[in-house]
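Throw the hints in and build the complete structure from the sequences for me.
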Amino acid sequence: MSEKALMKGNEAIAEAAIRCGCRHYFGYPITPQTEIAAYMAKRMPKIGGTFLQAESEIAAINMVYGCASTGRRAMTSSSSPGISLKAEGISYLAGSDLPALIVNVQRGGPGLGGIQPSQSDYFFMTRGPGHGDFHIIVLAPATVQEMADMTRLAFELGEKYRMPAMLLADGTMGQMMEPVVLPEEQTDPAEVMKGKPWATTGTEMKRPHNIVNSLYLKPDELEKTNLARFERYAKLEAEECRWEEYLMDDAEICVVSTGITARVSKNAIAECRRRGVKVGMIRPITLYPFPKAPLAKAAERVKGFLTVELNMGQMREDVELAIRCSKPIAMCNRVGGMIPSVDEVVAAIEKEAK
Amino acid sequence: MAKLTFREDLCKGCGLCVTACPKKILAISKTKLNHKGHAPVELTKPEECVGCASCALMCPDCVIKVER
Amino acid sequence: MAIVFQKPKSLTDAVLHYCPGCTHGIVHRLVAEAIDKLGVEGRTIGIAPVGCSVMAYDYFACDMIEASHGRAPAVATGVKRSLPDRVVFTYQGDGDLASIGLCETVSAACRGENITVIFINNAIYGMTGGQMAPTSLVGQVTQTSPYGRDPATQGMPIRICELLSSLDAPAYLARVAVNSVANVRKAGQAILKAFTNQVEGKGFSLVEVVSTCPTNWGLTPEKACQWVAEKMIPFYPLGVYKDKDAEAAKEAAK
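Chains as they are written, first to last, in our numbering: chain G, 1 to 354; chain S, 355 to 422; chain F, 423 to 676.
Among the hints, erroneous ones may be present.
[To be verified] Taking lysine to any residue and the SDA-like style, the derived pairs with C-alpha atoms no more than 25 angstroms apart in a straight line are:
id	chain 1	residue 1	chain 2	residue 2
1	G	LYS206	F	VAL462
2	S	LYS419	F	ASP480
3	S	LYS390	S	THR373
4	G	LYS218	S	GLU401
5	G	LYS196	G	GLU178
6	S	LYS419	F	GLN611
[Stated by the list, open to error] Here are the in silico distance ranges between beta carbons for each label pair:
id	chain 1	residue 1	chain 2	residue 2	range
7	G	GLY304	F	ILE522	48 to 58 angstroms
8	F	GLN553	G	SER326	46 to 56 angstroms
9	G	LEU217	S	ARG422	35 to 45 angstroms
Source of the hints: derived by calculation from the structure; they are not laboratory data. Where is the CB? At the ideal position from N, CA and C, for every residue including glycine.
Below you can see the structure in the form of structure tokens.
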């Protein structure tokens with residue numbers, strides 16, 4: 001029987017990771033995600049796992065790179081400025097076709113910014129979490145339950161498509177406490193190493209050596225690896241988009257939002273419905289691959305869209321691309337750690353409805 | 355009695371073995387070039403080789419095999 | 423007739439791309455000889471750096487991982503924490519280990535990670551065409567110190583063995599050279615000890631190998647070996663800077 005517990009979002013990720021066989025966490029303190037490190041520091045030694053507070057976020061991502069090379073479910077977590085530091089390491093993970101979990105609990109930016117929530121790493125994570133042509137799977141949880149569930153999904157999708165995966169949460173998701181149902185069943189950490197013939201575990205003199213590498217000096221070879229990678233991405237885009245639809249059947253306005261702003265928007269939508277406004281929401285769950293299809297479909301019916309984000313307008317561009325600029329898209333955005341209130345979103349919806 | 359075997363194709367003519375040889379019986383060829391365009395090393399007096407392997411120890415390219 | 427010397431088994435058949443007379447080839451061989459002697463090729467995982475030896479992953483027959491510049495000790499840590507019974511080594515140049523990766527080097531040493539680090543100190547950045555390294559000597563002319571390294575603006579060279587010897591955790595720190603037959607023999611012994619330490623679980627072991635870069639020093643391989651003797655070794659004295667085995671033996675003798 002699964003257990004229900006009241007947990008902080010950050011801690012839910014950590015516990016969920018352990019239950020799906022992750023025994024190696026490498027991280028560095030940074031607000032608002034340090035609870036993940038603290039939780040791992042307590043839990044890992046008790047279960048024979050590794051908790052290592054690295055000398056920097058750069059070192060941590062490189063430890064993940066080494067650990068993932070051996071076929072383990074390895075993870076790191078950080079917040080926006082620390083993720084900037086990890087950019088090269090993420091590119092290496094992607095270029096070496098390694099699965100790994102990176103958690104980004106976003107804070108205000110740019111620069112040192114603030115410690116309050118944001119969603120301002122959307123472009124960074126979906127366009128280029130590092131140099132070169134590549135993607136990482138990006139999942140956007142909106143509840144503490146999703147923080148837990150998406151941890152397993154991130155590991156599984158990453159391994160299926162041989163690419164890094166990210167849990168992209170805004171700061172509120174990391175800090176809020178909600179009831180979570182965690183699976184009782186635990187994945188054996190040795191099990192997760194099976195089915196990875198590419199892993200560098202030592203040849204045991206039984207096979208040719210494995211090389212984990214992203215250097216291909218011959219241009220035709222490097223092109224081949226890029227093309228092969230993008231074939232996998234195409235399959236991912238075709239088969240793994242996830243999103244939630246809320247009251248979209250008769251909607252004339254479509255709100256698009258994730259994380260805490262999706263929750264505020266849900267309340268705003270409920271209020272607007274009471275006032276007779278036909279509004280619904282499409283909440284992307286996978287930010288890469290982005291759920292273009294339901295948005296394109298909605299664009300055929302609705303009068304307009306409203307994106308609600310904690311940034312200066314980033315996911316809005318993906319909505320624009322998905323609907324091919326066919327309908328107006330208004331924005332209700334706050335930055336710096338400010339979060340729009342239900343009234344603000346209601347006002348924005350009503351304005352768009354006119 | 356010692357026997358040296360040279361992988362001439364791997365030799366880069368760097369001369370480290372020539373300096374290392376205590377008997378001074380190695381020399382970079384003045385007449386030959388290998389397929390890479392390097393002048394490889396030659397054993398000038400095989401009968402004087404004692405098989406100390408100094409040449410092989412200094413060779414960065416594992417050109418020389420030493421038997422005794 | 424018995425074979426007195428031949429190429430070690432844990433080097434592949436790949437032809438080394440290094441410049442004629444570059445001592446990388448000698449050190450690769452010494453590492454492979456240590457792996458062969460300990461019989462651990464099947465459970466060894468090596469970490470290649472960014473530098474001239476970036477393609478070391480093609481030269482060693484064990485599993486290999488290419489690390490980003492300077493981060494090999496962190497990558498090695500990730501591997502060793504995953505599989506503690508494997509033999510994990512890094513092979514790094516002076517930019518990789520003493521400049522961009524200095525923090526990872528010191529931190530791994532500080533944590534006493536049970537890994538083996540091979541540090542190639544040739545006082546220059548070879549791969550990128552001969553720029554100043556943290557280990558370049560005062561007055562040394564390089565592409566980025568065209569008037570000779572000036573301590574006033576470019577600082578003094580860094581001595582890694584001495585620096586790390588101030589830490590409690592490392593088990594073995596030694597500086598050797600490969601510019602002469604005698605030195606190559608001693609280097610081989612130090613490298614074997616550094617690997618043996620890991621197999622015996624003794625902790626962080628690093629061998630700094632004073633090496634040559636004939637191409638970027640503008641010297642013949644032979645003159646480059648002389649330059650090591652005349653200029654480098656006086657500043658980077660050869661010797662053992664930390665040896666917990668020796669310390670333990672001394673204590674026991676008391």
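Hints and how they fare:
no.: 1; hint: LYS206(G) / VAL462(F); verdict: holds, 13 angstroms
no.: 2; hint: LYS419(S) / ASP480(F); verdict: holds, 22 angstroms
no.: 3; hint: LYS390(S) / THR373(S); verdict: holds, 22 angstroms
no.: 4; hint: LYS218(G) / GLU401(S); verdict: violated, 46 angstroms
no.: 5; hint: LYS196(G) / GLU178(G); verdict: violated, 36 angstroms
no.: 6; hint: LYS419(S) / GLN611(F); verdict: holds, 21 angstroms
no.: 7; hint: GLY304(G) / ILE522(F): 48 to 58 angstroms; verdict: holds, 50 angstroms
no.: 8; hint: GLN553(F) / SER326(G): 46 to 56 angstroms; verdict: holds, 54 angstroms
no.: 9; hint: LEU217(G) / ARG422(S): 35 to 45 angstroms; verdict: holds, 41 angstroms
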